[in-house]
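J.: Residues per chain, in single letters:
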Amino acid sequence: MSQKLRNRVFDYTAAFIVLIAVFVCLVPFLYVLSASLSSNRAIISQLVTIYPIDFNIEAYKVVFTDAGMLYSLFYTVILVLVYALLALTVTVLAAYALSRKRLKGRKVILLVMVFTMYFSGGLIPDYMLVKDLNLLNTPYALVLPGMMSVFNMIILKSFFENLPESLEEAAYLDGCNDLQVLLQIMLPLSKPALATIALLYAVFRWNYFQDALFYITDENLYTIQLKLYNVINISQQMAGENVNLNLPSEGLKAASIMFGTVPILLVYPWLQKYFVSGITLGATKG
Amino acid sequence: MKVKKLRSFFASLTALALATALVGCQSNESSGKQSGTTEDTTEHRTLTVEVFDRGKPGQPDLNNNYWTKYINETFGKKYNATVKFVPVPRTQEVDKLNVLMAAGEAPDIVFTYNQGVVYNYAQQGGLAELDSALKEHGSTLTNYLGEDLLKYGKFNGKQYAIPGKRTVLLGMNTFIRKDWLDKLGLPVPTTPEEFYNTMVAFKEKNPGNVSGVIPYGYALQPAYPGLGYIPEAFKPSDLSEKEFATLQTSPGYQDNWNLPGFKQAVQYMNKMYNEGLISQGFATDKDAKQLDADVSNGKVGAFTTNWDGPYRTAPGTLTNLKKNVPGAELVPIDPWVNDAGNHPKAGYAPNGMYILIPKASKNVDLAIQYLNWMADPEVTLFLQNGKEGEDYNMVNGVPVQTGTTNSGEKMMTVANNLDYDILSNGIELGDPEKNVAAVSAGYPGFEKEVENALKVGSVDYYPPYYYSTPNSADAKYNASLKNLSAQMLAKLIAANPSEVDSLYKTLVDQYMAQGGQAVYDEYVKNYNAQNKK
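Same order as they appear, the protein sequences are chains R and F. According to my numbering, the first sequence holds residues 1 to 286 in order. According to my numbering, the second sequence holds residues 1 to 533 in order.
If you're looking for bench data, these hints aren't it; they were derived computationally from the structure. Be a bit skeptical, because a hint or two may be false.
[Said to hold, decoys possible] Pairwise CB distance ranges, derived in the manner of DEER restraints:
hint: 1; chain 1: R; residue 1: T65; chain 2: F; residue 2: P377; range: 51 to 61 Å
hint: 2; chain 1: F; residue 1: A223; chain 2: R; residue 2: F23; range: 29 to 39 Å
hint: 3; chain 1: F; residue 1: A102; chain 2: R; residue 2: T65; range: 56 to 66 Å
hint: 4; chain 1: R; residue 1: V24; chain 2: F; residue 2: E388; range: 52 to 62 Å
hint: 5; chain 1: R; residue 1: D11; chain 2: F; residue 2: A479; range: 27 to 37 Å
hint: 6; chain 1: R; residue 1: A21; chain 2: F; residue 2: E409; range: 28 to 38 Å
hint: 7; chain 1: R; residue 1: D54; chain 2: F; residue 2: A223; range: 45 to 55 Å
hint: 8; chain 1: F; residue 1: N114; chain 2: R; residue 2: N134; range: 51 to 61 Å
hint: 9; chain 1: R; residue 1: A21; chain 2: F; residue 2: E275; range: 36 to 46 Å
hint: 10; chain 1: R; residue 1: G146; chain 2: F; residue 2: K482; range: 29 to 39 Å
hint: 11; chain 1: F; residue 1: P326; chain 2: R; residue 2: K273; range: 37 to 47 Å
Note that beta-carbon positions come from the ideal geometry of N, C-alpha and C, so glycine has one too.
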């Protein structure tokens with residue numbers, strides 16, 4: 001067997017394995033998509049696999065005419081944008097400062113921050129803090145408490161640490177002050193890392209619903225995930241209620257999931273190139 | 001250039017932050033306005049009431065819709081109060097209630113179905129004592145519920161909860177494919193033996209002509225690991241009250257391992273399993289989705305489920321079955337007859353949810369006035385059905401919905417608006433017969449069938465034994481024992497028939513050692529305390 005042929009066999013095998021992996025990832029998604037377009041009968045009878053049966057768009061009609069859903073989606077998009085931008089700003093400021101060796105006491109500060117990764121106050125103290133700050137039923141309750149993730153900060157910090165120090169020195173020689181160095185030298189060089197961290201924050205805010213569940217009772221402030229969570233879980237008939245509840249159909253559930261998932265998926269392609277290089281850059285350069 | 005770009009970037013960032021800050025303020029203001037409302041008299045009060053948020057697509061604002069307006073315009077005007085609703089997600093109600101109670105932020109009126117939770121609150125002093133307020137403001141309420149129901153809200157002799165009234169009490173039904181029986185010329189089975197023979201015939205003759213026929217469809221759901229009413233057929237009819245009270249403490253959808261006859265019921269299932277008469281994958285079908293699919297696809301001959309299971313809109317098994325297999329017919333049957341010729345069926349206790357008023361509430365009197373107002377039959381009728389001639393028409397004394405309450409501002413997120421009409425669990429027309437007719441009206445297309453299912457499922461109904469003190473050992477061990485029960489049942493049903501006897505003993509010994517004994521002892525203690533004169 002020639003070298004070339006062997007390479008080709010390897011390529012095809014690799015491609016085949018990757019294809020299987022892709023398929024495995026796609027099937028659940030395809031299933032939900034086709035369920036959202038199928039009749040309730042077909043779904044319950046387990047006839048739906050990866051293409052719709054009894055094709056109809058009734059479920060989407062309900063979801064898209066549901067003012068609450070649309071509102072919730074719009075609100076969540078804004079919330080995610082604001083949160084990601086604010087969190088990114090705070091994280092950059094912290095990470096940059098902590099990455100500079102001339103900051104006195106940085107080890108102590110870092111230790112205090114890392115401490116919070118292992119130990120937290122717990123649910124009820126958190127709730128009472130948010131309550132005493134008068135943040136209940138405000139969007140701030142979903143923004144401020146999670147403003148900085150220490151984990152993300154450490155990724156960014158090690159990224160900054162790995163940028164050549166000579167660049168910074170050159171900038172100081174040219175008369176830059178600290179802020180200018182950060183804004184004009186460091187940040188433009190850190191785009192992949194920044195994009196990664198922003199995406200991590202955005203995806204976190206998009207998917208996380210536990211805080212919304214506890215801090216928000218005003219329907220106008222429900223995030224899309226909280227709405228989805230309610231729609232999906234409510235379809236289990238509760239033991240307390242012993243009559244026909246007219247629960248949402250399986251198709252409606254699936255359509256709601258698509259409605260809540262597709263927007264954040266659309267973000268990935270734009271940031272993907274940063275995402276992959278960003279994570280590896282921060283981790284491996286020594 | 002770069003500086004400029006960055007500047008504009010940060011400028012827009014700040015602008016965005018500001019904008020949302022404003023949006024936040026605005027939404028706050030507007031909701032504040034809604035709740036504050038007009039009048040500024042000193043006596044005007046705001047009553048906050050929990051409401052279940054079922055997250056139904058298309059549901060209206062739970063704090064501002066047809067029903068809340070009605071409540072505020074009638075009750076609110078009369079008592080110079082604003083009623084504000086606090087939505088709590090249905091699936092997270094206990095968690096959320098715990099957080100609200102712990103933080104002293106709970107609304108004036110909260111509720112839950114969970115007796116253990118209520119008892120904990122009462123023990124920890126978190127609940128207002130209601131006896132005096134009930135006496136002063138609750139005459140209609142007291143009359144409506146009566147002592148029989150109110151006793152469910154008493155702990156240590158004091159009224160800490162107002163129990164809602166449950167109008168549909170029956171639990172389960174066994175259904176069979178009538179068209180299969182007809183095809184084989186078999187009668188409806190009336191005893192466990194006949195039922196078994198019918199299942200054998202279903203297996204051998206396969207009247208539906210399906211691949212993989214399942215005579216008796218069964219799913220062992222860890223949340224409801226029971227055997228339906230099969231144990232009733234083997235339970236001796238002369239059980240003493242004490243035996244009943246201390247040995248049959250779990251509902252029919254769970255297991256009573258020490259109840260006489262329960263072992264025979266397990267053996268009955270074991271025999272059917274070993275002869276291939278029940279769903280072979282029963283132990284892994286944890287959410288009964290496979291069973292729903294098998295029934296829908298017409299593979300199942302008989303199965304036990306909620307009394308109205310096949311007629312429910314979701315999952316809609318009967319509708320699916322009729323579409324998949326034209327001519328298919330399901331009827332409720334009652335073969336689980338005991339040694340006295342009766343068909344006993346343990347059902348629900350007559351109480352619905354526990355309505356509570358937290359100790360921190362400053363509106364105990366107003367809250368009781370609210371419930372008292374709600375107990376008025378006219379109010380109940382409106383809250384459950386809407387306006388006559390518009391939302392429903394009276395047919396033979398039974399309200400029949402016109403469909404206006406399925407969408408928009410009038411949408412009921414649950415049939416008969418149980419989330420606002422918290423006093424009644426199920427339609428309440430003040431007359432059991434009318435209730436039956438009205439319940440069946442809630443199953444469009446299956447009214448006759450549901451009426452029949454109600455009749456069959458109600459034969460020889462009996463409620464669980466009433467305890468004035470909840471079992472604290474049960475509260476502690478219930479979840480783990482339920483889990484264990486599911487595993488035990490799976491092992492026993494799938495065991496070799498000759499080994500069931502000894503395996504049963506080993507497993508129940510384990511069960512008793514892992515908390516079962518403590519639970520039993522406390523039931524005995526509570527029973528004795530309650531019945532000493």
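J.: Now tell me, hint by hint, if it's right for this structure.
T.: Hints, verified against the model:
Separated by about 36 Å at the C-beta atoms, T65 (chain R) and P377 (chain F) break the suggested range of 51 to 61 Å. For the hinted restraint 29 to 39 Å between A223 (chain F) and F23 (chain R), the CB-CB distance of approximately 33 Å keeps it satisfied. Under the hint 56 to 66 Å, the C-beta atoms of A102 (chain F) and T65 (chain R), about 39 Å apart, miss the expected range. In this structure the supplied range 52 to 62 Å holds for V24 (chain R) paired with E388 (chain F), their Cβ-Cβ distance being about 57 Å.
Taken as a hint, the range 27 to 37 Å is violated for the pair D11 (chain R) and A479 (chain F), whose Cβ atoms sit roughly 53 Å apart. In this structure the hint that A21 (chain R) and E409 (chain F) lie 28 to 38 Å apart at CB is violated, the actual value being about 49 Å. Taken as a hint, the range 45 to 55 Å is violated for the pair D54 (chain R) and A223 (chain F), whose Cβ atoms sit roughly 30 Å apart. Distance hint check: the CB atoms of N114 (chain F) and N134 (chain R) are about 31 Å apart, inconsistent with the given range 51 to 61 Å.
Our hint of 36 to 46 Å for A21 (chain R) and E275 (chain F) holds, since their Cβ atoms are close to 43 Å apart. Between G146 (chain R) and K482 (chain F) the CB atoms are about 36 Å apart, so this pair conforms to the stated range of 29 to 39 Å. Under the hint 37 to 47 Å, the C-beta atoms of P326 (chain F) and K273 (chain R), about 56 Å apart, miss the expected range.
The structure fails hints 1, 3, 5, 6, 7, 8, 11 (numbered hints given earlier, in ascending order).
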